[in-house]
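One letter stands for each residue in the lines below.
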Amino acid sequence: MYQLDTDTSKVILSLLSILLLIVPLISGVFTTIHFYNSYEFTELMLAQPLRRETVFLAQYIAVASSLCVAFVVGVGFPTLIYGVNSSSLTLLYTGLMLTLVFVSLAFLVAVLTRDKAKAIGVTLLVWFFFSLIYDAILLWVVYAFGEYPLDKTLLVLVSLNPVDLARILMILKLDISALMGYTGALYKDFFGNYSGMLFSTSILLVWILVPVWIALRVFKKKDI
Amino acid sequence: MNCLTIHRGLLLLLLSILVPLQMEANIIEVKATSGKSISGAIATAKDGDTIKVYPGIYKEANMVITKSLYILGIDHPVLDGELKHEIFTIAASDVIIEGFKIINTGRSSMEDKAAIKCLDANNIIIRNNILHHTFFGIHISNSSGIIIECNYLLTYGAHEYEHGNGIHLWKCTDAYLQGNVIEGHRDGIYFEFVTKSKIINNISRKNKRYGLHFMFSHDDEYYHNSFINNGAGVAVMYTTNVTMRYNKFEENWGSSSYGMLLKDIRDSHVEFNTFSSNTTGIYMEGTSRTLFHKNEFRENGYAVKLMASCDDNVFSKNNFKGNTFDISTNGKTILNTLEHNYWDKYQGYDRDRNGIGDVPYRPVSLFSMIVEQVPPAMILWRSFFVMILDRAEKSLPVVTPENLKDLSPKMKSYDLHS
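Residue numbers (our numbering), protein chains in the order written: chain D, 160 to 383; chain V, 41 to 458.
Read the hints as simulated data drawn from the structure, not as lab findings.
Be aware that a few hints might be false.
Said to hold, decoys possible - Using 20 Å as the maximum straight-line C-alpha spacing, the simulated EDC-like pairs for lysine to aspartate or glutamate come out as follows:
1) 445/V to 352/V
2) 107/V to 160/V
3) 332/D to 291/V
4) 141/V to 69/V
5) 445/V to 390/V
6) 381/D to 212/D
7) 169/D to 384/V
8) 347/D to 291/V
9) 248/V to 223/V
10) 169/D to 430/V
11) 303/V to 412/V
12) 380/D to 274/D
Based on the provided sequences and hints, a complete structural model is requested.
Below, the structure is given as structure tokens:
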């Protein structure tokens with residue numbers, strides 16, 4: 160893609176759509192499939208004198224790190240080779256965060272379900288919800304309550320969706336002139352500085368850690 | 041200082057008026073050390089005399105010039121208004137003021153205090169001055185044949201009300217502004233009832249309100265000016281027959297900031313200009329019969345906001361590149377023409393290979409109309425859902441205006457020297 164177009168910001172733009180759609184999908188589905196494919200191996204490991212936490216976390220780290228490495232090799236290296244700037248770094252950062260978030264969510268889904276097909280279905284639903292349905296609902300909210308000052312409310316609602324959060328971090332870099340109009344200034348003030356960065360990072364970390372933690376609790380008690 | 045040479049023709053004309061006078065003219069010299077004052081020199085001088093002012097700091101103010109004089113500062117002598125006074129007031133014809141550094145004029149919105157003020161004056165040249173921390177910089181009313189050339193006007197302060205305009209012209213004809221740099225004022229260049237004037241090669245930046253602001257100023261021409269990073273961009277109103285070519289409108293950011301705001305402009309030409317990184321490139325309201333030709337719109341939030349009150353405008357052969365939204369509008373009836381433009385978002389094909397896309401391009405996206413109605417919706421931009429909505433609307437327009445389209449979109453961008 161970098162060779163097709165001389166304008167790097169346009170390439171980043173296309174990568175963004177891939178990032179927001181494909182990355183969560185692949186990470187989620189791959190994780191679920193992996194979990195069920197190595198189910199027997201997990202059983203075997205649990206028969207050993209190992210703590211369940213260790214086994215679970217080892218699996219989590221293995222999957223997460225391999226997907227992150229895949230992302231860095233696939234998207235990271237080309238972007239870095241063809242020009243490092245703030246938007247490509249943000250792209251990399253949000254991509255990694257999204258990968259981790261969806262690995263966590265998929266693990267949670269996997270431990271909560273009993274069979275593979277169901278787990279994949281639910282993971283797909285989660286993905287579908289966050290990348291499509293949530294935004295549709297948001298748009299409906301915006302339309303329905305357009306008369307009211309919505310800025311702050313939207314800010315909160317958007318923060319609740321990791322995909323949206325990643326997207327906003329990116330458009331703050333890419334479409335800054337459009338955002339500067341209207342309510343954009345508010346978002347920029349909020350997300351554009353270090354505390355905003357810290358805020359969004361912590362929200363994403365919550366999205367990573369909380370599902371893993373719940374999944375771990377479930378896994379410990381689960382009747383394998 | 042190549043700007044001095046460019047308009048030599050006009051200068052020569054003026055000099056030819058002045059030179060015969062100067063044959064018998066005296067040269068009066070003023071030095072800070074000799075105790076002579078500039079106002080004293082002005083009082084004793086006769087029509088056609090030259091007053092040479094040597095370097096130094098002169099705390100003289102409210103000098104009223106009622107004779108044809110050439111007042112020349114050597115190496116920019118400083119005239120200090122001590123934040124109380126005005127400096128020069130010209131109420132005569134054939135006056136040249138050149139080479140001064142004027143600082144700290146008084147501030148008053150009641151009297152419009154200015155560094156150099158002209159009232160009912162003709163054939164005035166104001167050249168090569170540095171105006172620093174002035175309220176109004178150059179304030180001219182009811183005059184004709186004004187040349188304002190190569191001045192540097194800089195002021196600072198946080199608020200709009202703390203400043204006057206940089207170059208302020210009211211009811212003038214045949215003004216000629218060239219090579220001025222204006223920074224930090226309320227409006228960089230302000231024209232009201234100024235006709236048949238030329239504005240060339242000026243830079244107006246970081247002004248608190250508008251870089252250029254004119255009203256009722258017909259038959260003016262603007263070439264090669266730059267309007268950068270002004271509080272609200274450029275606003276031009278109630279005017280016919282304006283020509284703007286090769287200007288740059290850049291980095292005007294904010295919800296009510298425009299690269300250029302056109303309100304009730306008719307029969308004008310906007311050609312070869314560059315609009316880049318503005319929140320809105322051009323905002324048009326009540327504008328008609330205006331030609332937009334070979335402009336470059338680059339990385340703006342909205343390239344053009346075309347309100348439904350505009351008619352008979354033609355956009356032809358412009359480049360639209362990297363804008364978030366190309367065109368947005370607020371109505372369904374569109375009476376303007378788009379033709380032969382290059383749109384980087386165009387996804388059509390060119391089967392007969394004539395360089396023109398075979399399917400029309402619709403520059404208004406559904407989402408831009410949503411944002412127009414509910415601005416906070418902007419937060420959903422670039423989400424998958426919005427992408428789907430836009431696609432659906434593109435293939436079967438329901439909400440977006442059906443007839444706002446470019447029937448002959450170019451496949452390749454124009455090479456517009458930028």
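Exercise. Keeping to a limit of 20 Å between CA atoms, is the pair of residue 169/D and residue 384/V held or broken?
Worked result: holds, 10 Å
Exercise. Is residue 381/D within 20 Å of residue 212/D, Cα to Cα?
Worked result: holds, 12 Å
Problem set entry | Distance restraint between residue 248/V and residue 223/V, which requires alpha-carbon spacing of 20 Å or less | OK: residue 248/V and residue 223/V at ~9 Å, within 20 Å.
For this session: Compare the distance between the alpha carbons of residue 332/D and residue 291/V with 20 Å, and conclude whether the hinted pair is satisfied.
Result: Since the Cα atoms of residue 332/D and residue 291/V sit roughly 15 Å apart, the hinted pair holds (cutoff 20 Å).
Exercise. For the pair supplied as a hint, residue 445/V and residue 352/V, is the alpha-carbon distance within the 20 Å limit?
Worked result: This hinted pair holds, its Cα atoms lying about 14 Å apart.
Exercise. Going straight from one Cα to the other, do residue 169/D and residue 430/V come out at no more than 20 Å?
Worked result: Holds - the C-alpha atoms of residue 430/V and residue 169/D are around 18 Å apart, at most 20 Å.
Problem set entry | Agreement of residue 141/V and residue 69/V with the hint, judged by alpha carbon distance not exceeding 20 Å | Holds - the C-alpha atoms of residue 69/V and residue 141/V are around 17 Å apart, at most 20 Å.
Problem set entry | Hinted pair residue 347/D and residue 291/V, Cα distance within 20 Å | holds, 16 Å
Exercise. Holds or violated: are the alpha carbons of residue 303/V and residue 412/V at most 20 Å from each other?
Worked result: Holds, because 19 Å separates the two Cα atoms, which is no more than 20 Å.
Exercise. Holds or violated: residue 445/V with residue 390/V, Cα cutoff 20 Å?
Worked result: holds, 17 Å
Exercise. Quick one, are residue 380/D and residue 274/D close enough, alpha carbons at most 20 Å?
Worked result: Roughly 17 Å separates the two Cα atoms, so the pair holds.
Problem set entry | Holds or violated: residue 107/V to residue 160/V, with C-alpha atoms at most 20 Å apart | holds, 13 Å
Of the numbered hints listed earlier, not one is contradicted by the structure.
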